[in-house]
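Top to bottom, those sequences are chains A and B. If you read the first sequence in our numbering, its first letter stands for residue 1, the second for the next number, and so on. If you read the second sequence in our numbering, its first letter stands for residue 520, the second for the next number, and so on.
Hints listed in this document are in silico derivations from the structure and should not be mistaken for laboratory results. Computed from a predicted model, the values in this text were never measured in an experiment. Each hint should be verified, as a subset may be incorrect.
Below 20 Å or equal to it, Euclidean Cα-Cα: the simulated DMTMM-like pairs (lysine to aspartate or glutamate) are [said to hold, decoys possible]: (1) A/K113 <-> B/D1015; (2) B/K941 <-> A/D29; (3) A/K110 <-> A/D29; (4) B/K941 <-> B/D1015; (5) A/K113 <-> B/D1014; (6) A/K218 <-> A/D205; (7) B/K698 <-> B/D649; (8) B/K937 <-> A/E162; (9) B/K1024 <-> A/E162; (10) A/K218 <-> B/D981; (11) A/K463 <-> A/D307; (12) B/K698 <-> B/E651; (13) B/K743 <-> B/D894; (14) B/K941 <-> B/E831; (15) A/K62 <-> A/D205; (16) A/K167 <-> B/D1014; (17) B/K698 <-> B/D783; (18) B/K941 <-> A/E162; (19) A/K110 <-> B/D1015; (20) A/K62 <-> A/E162; (21) B/K743 <-> B/D649; (22) A/K110 <-> B/D783; (23) A/K110 <-> A/D377; (24) B/K538 <-> B/E612; (25) A/K110 <-> A/D195; (26) B/K941 <-> B/D1014; (27) B/K1051 <-> B/E932; (28) A/K432 <-> A/D345; (29) B/K698 <-> B/D652; (30) B/K1024 <-> B/E932.
Now the stretches of chain B that chain A is said to cover, found in silico as 3 or more residues with beta-carbon under 8 Å [unchecked claim]: (31) 558-567; (32) 578-592; (33) 877-886; (34) 911-922; (35) 959-966; (36) 1041-1049.
Listed next, with one range per pair, are the computed distances between beta-carbon atoms [as the list claims (entries may be wrong)]: (37) A/V212 <-> B/L854: 33 to 43 Å; (38) B/F1002 <-> A/T471: 36 to 46 Å; (39) A/P73 <-> B/G719: 46 to 56 Å; (40) B/D1015 <-> A/P472: 50 to 60 Å.
Even for Gly, the Cβ is constructed at its ideal location relative to N, Cα and C.
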Amino acid sequence: MDDFHILLPTLVIFAPTFGAIILALMPRDNVEGLRYTALTITVVTFVLTLMLLGGFDFDDPKMQHEVVAAWIPNWNINYQLGIDGISLPLVLLTSFICLLAMLASWSVTKQVKGYLILFLLLETGMLGVFMATDFFLFYVFWEVMLLPMYFLIGIWGGPRKEYAAIKFFLYTLFGSVLMLIALLMIYYNGGQHFDLVGLAEQAQDPEGGLLVDLTMQKWAFWLLFIGFAIKIPSVPFHTWLPDAHVEAPTPISMILAGVLLKMGGYGILRIAFPLCPEAVGHASTILVAIGVISIIYGAFAAMAQTDFKRLVAYSSVSHMGYVVLGMGVVGVVGAAHGEGFIGSDYWAMGINGAMFQMLGHGVSSAGMFFMVGVVYDRVHHRNINEFGGLASRMPLYTGLAAGIFFAGLGLPGLCGFVGEVFVVLSAWQFSKLMAIIAASGVILTAGYILWTLQRVYLGAEYKGPHEEALTPIRPRELIVAGVLLAFAILLGIFPNTMFSIMDDSIQHLANGMAGKIGS
Amino acid sequence: MLANTSIPVFEQLFNELTKTLPGDVFAFLPELVLCGTVIALLLGRLLGTDRWIPGHWTALVGTLIAFGFSFNAALGGIELSSVEATAEISRSELFSGLLINDGMTIFFRLFLLLFLVLVIALTVLSGIPDNEDGPDFYTLLLGATIGMMLMVSANHLLILFLAVEMASVPSYVLVGFLKGRRASSEAALKYVVYGAGAAGVMLYGTSLVAGLLGTAEIDQIAGKLSELTLTGATLRTILLGVMMILVGLAFKLSLVPFHFWCPDAFEGAPAEVGGFLSVASKGAAFALLIRVAGQLAGPAAVPPEIPVPGLEGLAISLAIGLGLVGAASSTFGNLAAYSQTNIKRLLAYSTIAHAGYMLLGVSAMILARHAGDTDLARDCVSGVLFYLTVYLFMNLGAFAIVALVRNQIYSEEIADYKGLAKQAPLLCVAMAVCLFSLVGLPPLGGFVAKFFVLAPVWKAGDIHPAMWLLVGVALLNTVFSLFYYLRILVAMFIDDRPTGQPVAKPDSVDKLYVALVSIPILLLGASPLIGKLSQAAEDAARDLFL
């Protein structure tokens, strides 16, 4: 590998930081100049991540593009990056959503310079989380994205921004603290290093083990899981999400739903599962239950909302429930196929489904939040009961919105469908009851989404205030919505584009865990 | 007896003096330079030369020379340790065992002098004291620092007491330096009364310990302890003596329940003095505490398999006791800070909480030392040293910004900070860096520091499970502390500036200073410098346990 390819992961992560420094040096009055500079940076970052994809070997389940440099040698902490089939799709999703969210950021008019700087720092944090393969570094990036997010909600948010921002901050910080305890356990039991790849190998070694004491391992697993579940967010740790979403400005909601929630799922796959395989075997029933409860609870809660954005927020809780369900299938032994049955292929299928659900949800939820933002920018309210008749006033927008909402609904041919099917199918192998309940969640989803479409877009006339402001969609908005819809369709029709990246790494993970849970 | 041997003793003394004195004085040069600076300041006052050479220049030059000497000594230490790699060589006793010159002395000397330079620079910028009061102020500041430098190198119970007093007395005056302000005088008086009480208790404690052990040299306490049969009255007496010494130190560290002076003193004192006391005085007291507490765990030569019955109880109860005091301090500090409206008072409570976190490191050190795990004990100490270094920058930064903002808006109430970010963005961003670092969030130094302190404490949980609980309490405290630090930032960044409030227009020198203090926080949180400092802290801790 040449120098550029060794530098590439670092470049990807720090390109936005570099952009933030440039922005900091620019005069704050030149708003358009600042915006275009920031947009250029996100484009560059996206192109760089595409180059990562270009240099990626689809058949290698291990870490690629690895970078290892000593950072704090006397603690064995390394600056260590790497990409495998699990992280690459999420890295692509991050830079893609950030690019679109930046395009959507033209609606932010207050203190633009500060906003853009924080936005770019946030992108650095998220990319870092997905690419770090040193636990300590992972933790640092995980927390790095907290600070910009707090201010992005707290300064540019809606009326209850302070409350929402601190709630988000506290929940996540609490989760991080739990993760930190698990980190200490793993550090001192795993030979005092933080290398996630090495730790996973240790943990899945049939002869040895990482956290040999099962009680300790269970503790570590649950601490990690709660830390990540807060981010996903799973019921009962989800209450920060509706507040944060409702108050956050549209582009930040897009990032929050599109990328941030995925960090929870990613953390489980990268850290909690590989490092505590035996504990997963003991926890899987509970995980499945948490997933199913999230699906149903989120769907019912969404149905009860009258605030458009809150509705979309609860739909995220419901959709991310499939992610937990798909992962929870891992480690279920026996059940439908009799004692001792280890179905690591089905586990891989569940993880594949969960991963695809994360990607699909990343596209569709970002799209839904953007669509809500488009009307909110015009009429400055989000009360579903005061909408109606938008189809006749904004026909093009309504068409795009319907497409994106159908993607969220999980209509076959769109991105939401594939993940849900994979998850439910793999769940069926282990518990028919859970699979049936989860599948019925799709009906509930269809219920609230169709009902919403009816109340907002259809109907005779618009009932709310600012009727005069309902102007047709602008070109910039059209680009964002169009691209999101295009990708929703693309992922729905060609799911294999993503599966081909993920499959080997996921199979590798499932096999590794099967070796430990089965024995 | 004395009369018969007086001539050999005299000869011996003479020989010792001529042989070791020059070397001892050379090692003591930084302190002597500061003494010289103090004399120069006072003479300048007497002769009137302070009209031409302002006091802060004299103080700054003197401190920089002292810093140069200590830096030179530190470089020498590094050379020695890398070539010989043995601890005995870089550790030496000065003045027939009254002082000790080892890695930790060198580390803390640099720490204190660097900090003194920064504080003097801050006072020049903020204009407290004015030219008229300058020499007095810097005399006191330097005098207190000399006391603290003696604290960090003390190896004798007598020096321990003298050094603590030498550091305290100028501090009392500094707190009341703003003459004619009621709050200031009240604060100083409170500080004096508490301080005098604590000093008395500590002096009594030293006399008990010295009397019982038959030695006053700190590095011999461990050995003498293991010779005693620690039962009954002996155990009670030694416990009482040790606790009394610790009370004196706890007062300096403002640990619960000896913290009552701290919020009042900080509120009444100028922010510059608050910053000075919160960092320098704590740092020195921690150095002393580490030296004393390290001895109380007993000698390393006793393997854990053959526990000395009384000693084991002493070490474990001491460790757990200190740990509980630490946990109580951080919990109480954080809870009390929540309701504060004055920013200096809030920061005072925050310093109480931070002393609590660091104390956990000391308590784990005692446990590790007791269990014979010297590596872990060193990790604990180096964690505390790292924490103190980061703490220097983040706390000084916060107090400096309070002082500089006070010069602009004439207020230290959080409510008056509203909307400052629009008028003084750099100052507010630096404040955010300092406060988030105090919370302990990556990528700032505060996180790494907290990690380095709490990780060994967690490890010490293998020795005694209470340590796990203490780490849990400390981490929960981190979450709680977010509330009140954020209140300041919410006022600065999110609220709008009410009309009619004074406009803040900081000078570019102010901005430069603030940037200078806050950039190290970033570097110590996200650069290879962490490794360097952590290594230095480990080197400093190496000589401590032989």
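Structure-based check of each hint:
1. Pair hint A/K113 plus B/D1015 holds up; C-alpha atoms about 17 Å apart against a cutoff of 20 Å.
2. Using a Cα cut-off of 20 Å, the hinted pair B/K941 and A/D29 holds, with the two alpha carbons roughly 13 Å apart.
3. Restraint check for A/K110 and A/D29: the C-alpha separation of about 11 Å stays at or below 20 Å, so the hint holds.
4. With a CA separation close to 9 Å, the supplied pair B/K941 and B/D1015 stays within the 20 Å bound.
5. Of the pairs offered as hints, the one joining A/K113 and B/D1014 holds, with about 18 Å between alpha carbons and a cut-off of 20 Å not exceeded.
6. As the CA atoms of A/K218 and A/D205 are separated by approximately 18 Å, the hinted pair is consistent with the 20 Å bound.
7. With a C-alpha separation of about 12 Å, the suggested pair B/K698 and B/D649 falls inside the 20 Å cut-off, and the hint holds.
8. Between B/K937 and A/E162 the CA atoms are separated by roughly 14 Å; this keeps the pair inside 20 Å, and the hint holds.
9. Distance check on the hinted pair: B/K1024 and A/E162 sit about 27 Å apart at the alpha-carbon level, beyond 20 Å; violated.
10. For the hint linking A/K218 to B/D981, the alpha-carbon distance of about 18 Å falls within 20 Å, and the restraint holds.
11. Of the supplied pair hints, the one linking A/K463 and A/D307 holds, its CA atoms being roughly 15 Å apart against a limit of 20 Å.
12. With a CA separation close to 13 Å, the supplied pair B/K698 and B/E651 stays within the 20 Å bound.
13. Restraint check for B/K743 and B/D894: the C-alpha separation of about 23 Å exceeds 20 Å, so the hint is violated.
14. For the given pair, B/K941 sits about 59 Å from B/E831 by alpha-carbon distance, which is inconsistent with the 20 Å threshold.
15. With a C-alpha separation of about 16 Å, the suggested pair A/K62 and A/D205 falls inside the 20 Å cut-off, and the hint holds.
16. Simply put, A/K167 and B/D1014 have alpha-carbon atoms about 18 Å apart, close enough for the 20 Å limit, and the pair holds.
17. Our distance criterion of 20 Å between C-alpha atoms is met by B/K698 and B/D783, whose separation comes to about 16 Å.
18. Only pairs whose Cα atoms come within 20 Å are accepted, and B/K941 paired with A/E162 is accepted, the gap being roughly 18 Å.
19. Between A/K110 and B/D1015, the direct Cα distance comes to roughly 13 Å. Compliance with the 20 Å bound is thereby established for this hinted pair.
20. Pair hint A/K62 plus A/E162 does not hold up; C-alpha atoms about 43 Å apart against a cutoff of 20 Å.
21. A C-alpha spacing of about 52 Å is found between B/K743 and B/D649, which places the hinted pair above 20 Å, so the restraint is violated.
22. With a C-alpha separation of about 40 Å, the suggested pairing of A/K110 with B/D783 is violated against the 20 Å cut-off.
23. Note on A/K110 and A/D377: the hinted pairing holds, with a Cα-Cα distance of about 14 Å set against a maximum of 20 Å.
24. A distance of roughly 13 Å separates the Cα atoms of B/K538 and B/E612; the hinted pair therefore holds under the 20 Å criterion.
25. For the proposed pair A/K110 and A/D195, the alpha carbon gap of about 42 Å is over 20 Å, so the pair is violated.
26. At roughly 10 Å between alpha-carbon atoms, B/K941 and B/D1014 fall within 20 Å of each other, so this suggested pair holds.
27. A threshold of 20 Å between alpha carbons decides the hint, and for B/K1051 with B/E932 the separation of about 39 Å lies outside it, so the pair is violated.
28. Proposed proximity of A/K432 and A/D345 is supported: the alpha carbons are some 18 Å apart, at most 20 Å.
29. The straight-line distance between the Cα atoms of B/K698 and B/D652 is roughly 11 Å, inside the 20 Å bound, and the hint therefore holds.
30. Restraint check for B/K1024 and B/E932: the C-alpha separation of about 18 Å stays at or below 20 Å, so the hint holds.
31. Remark: the region 558-567 of chain B is not confirmed as covered by chain A, as 0 of its residues place a Cβ nearer than 8 Å to a Cβ of that chain, below the required three.
32. A stretch counts as covered by a chain when three or more of its residues have a beta carbon under 8 Å from one of that chain; for the region 578-592 of chain B and chain A the count is 0, and the coverage is violated.
33. Figure legend: the region 877-886 of chain B, annotated as covered by chain A; annotation inconsistent (0 residues with Cβ-Cβ distances under 8 Å, at least 3 required).
34. Figure legend: the region 911-922 of chain B, annotated as covered by chain A; annotation inconsistent (0 residues with Cβ-Cβ distances under 8 Å, at least 3 required).
35. By the rule of at least three residues with a Cβ nearer than 8 Å to a Cβ of chain A, the coverage given for the region 959-966 of chain B holds, with 4 such residues.
36. By the rule of at least three residues with a Cβ nearer than 8 Å to a Cβ of chain A, the coverage given for the region 1041-1049 of chain B holds, with 3 such residues.
37. In this structure the supplied range 33 to 43 Å holds for A/V212 paired with B/L854, their Cβ-Cβ distance being about 39 Å.
38. The hint said 36 to 46 Å for the Cβ distance between B/F1002 and A/T471, and at roughly 43 Å that hint holds.
39. In this structure the supplied range 46 to 56 Å holds for A/P73 paired with B/G719, their Cβ-Cβ distance being about 47 Å.
40. Taken as a hint, the range 50 to 60 Å is violated for the pair B/D1015 and A/P472, whose Cβ atoms sit roughly 35 Å apart.
Hints 9, 13, 14, 20, 21, 22, 25, 27, 31, 32, 33, 34, 40 from the list above are not met by this structure, while the remaining hints are.
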